[in-house]
Amino acid sequence: MVGVVRKLGFGLLVVLVWQLLASLHVWPPILMPSPLAVAESLVDNTRDLTIPVAIGASMARLAIGYGIAVLVGVAIGLAISRSQLLKDTLGAAAVGLQSLPSVCWLPLALLWFGLSEKAIIFVVLMGALFSIVTAVDDGLRNVSPLLIKAGRALGARGFALQWGVVLPAAFPNIVTGLKTGWSFAWRSLMASELLYSERGLGRVLTVGRDLGDMAQVIGTIIVILLLGLTVNQYAFAPIERSLARRWGLQAA
Amino acid sequence: MRITVSDVWQEYPTERNGGRLTALSAIDLEVAPGEFVSVVGPSGCGKSSLLELIAGLQRPSRGEIRVNSDHGGAPVLILQEAALLPWLTTLGNVEFGLKLRKVPRAERRRIALEQLAMVGLSDFANARPHQLSGGMKQRAAIARALALDPPVLLMDEPFAAVDAQTRGVLHNELLRIWAATGKTIVFVTHSVPEAVFLADRVVLMSARPGRIRDVVEVNLPRPRSADDTRLVWFQQAVSAPEYVI
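Sequence order for the protein chains is X and U. Counting along the first sequence from 1, when you hit position 17 you're at 21 in my numbering, and nothing is skipped either side. Counting along the second sequence from 1, when you hit position 196 you're at 1272 in my numbering, and nothing is skipped either side.
These are calculated hints, taken from the structure and not from any lab test. Here a beta-carbon is modelled for each residue, glycine too, at the ideal position from N, C-alpha and C. Hints should not be assumed to be uniformly reliable.
Among chain U residues calculated to face chain X with C-beta under 7 Å, some are [as the list claims (entries may be wrong)]: (1) Val1152; (2) Leu1155; (3) Ile1187.
Required output: the full structure, derived from the provided sequences and hints.
Listed below in structure tokens is the structure:
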């Protein structure tokens, strides 16, 4: 409770200082609009549906791209974890490709898929895929041999062992990987949308910049921030809390 | 039920010297029903391997291991660090083996609660492993094994990671459970005093290659007291068999 109060208090303080700086025209309004101006812009953009539609478009790309990355990534990660050959080949490739800033895939995607949704979804996918693959592989491979031995000692073999012991044991690491993948996906999405977009939040940002509308820019940034926080709060945080509760805080 | 280990060898191919590593050589051992047998030896003498072979987790390179049991079932191995599954509750852990055997839920629960009561952990059925102390985890591991009603309990240095005081308590607990269930127990340890205190017979092994050097019978009556000075005599017998008259 104290934490929440502190956070709100801090937020309020920031807004007040901001308003003060804006009112005093420390910087010209075109560079630093007041909180009120930003709020007004946000309300306008919401009323005329600019922002809601943009959120829809961006989130849709994210959901599809990330969704595919999860399905494909988990499958590949699973395969790699069972085969040293795959680890040395596909696994190494994944580790290497992960270090490529995902926005670099955009020119490739645009040439392959043209100026389309597919291009952005592809970039989102490539951004998230490799970190998920690596995390799933690591998670599955690094399950404590002691746990596996215990499972086998109790009679678990084959599928029952994988499903009943290995997978639950690897779950915390896999969740971390999914979270990292999400983070990459989000960044890839924004980067691509800024470079090219027809709809979406990146487009709103770009338009704001083109028109010199700082209030719109800041307003959109706030929306993007809030979206990221919301997903974290309502998707990942509950899972992490549940894991912490079950496993105790030593969970990796 | 009786365990018969006949001329068992276990060898692994090694890269070094392009040869074989002999973990166990010419092991012959018989364990009678209801017996408590300890296996002692230094690291590398193959005592853990022997246990895994009896448990059926590995197959010997040579020789045969027979576990003749009236009511079937496989021996269950209890490990050094309890290895409780961290994502399950204590109860969930004890039920785990039963779930694997597709025992129906109500039955599973009943058996599990029974075993938890046997080891004195009834109040902690819904606790998570990370909330249990080392000693409690080991007791839970014992309950988990007992739930499967195995013909024999194989224990691989189960109390090595537990503090001395708790170990003493667990020794008495184990002996109580042994008396109550009449199970056969094969208990591996590197501690000679522990081996002697608990067992009817102590199998002494040595390493390189892993083999049985001697078997000492501990014919002290039960219940035994940890302070019994006669234990020292048996400890010496185990440690230095060539000096025993």
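Okay, the hints, checked on the actual structure:
{"no.": "1", "hint": "Val1152", "in the structure": "holds (6 Å)"}
{"no.": "2", "hint": "Leu1155", "in the structure": "holds (6 Å)"}
{"no.": "3", "hint": "Ile1187", "in the structure": "violated (14 Å)"}
Checked against the numbered hints given earlier, the structure breaks only hint 3 and satisfies all the rest.
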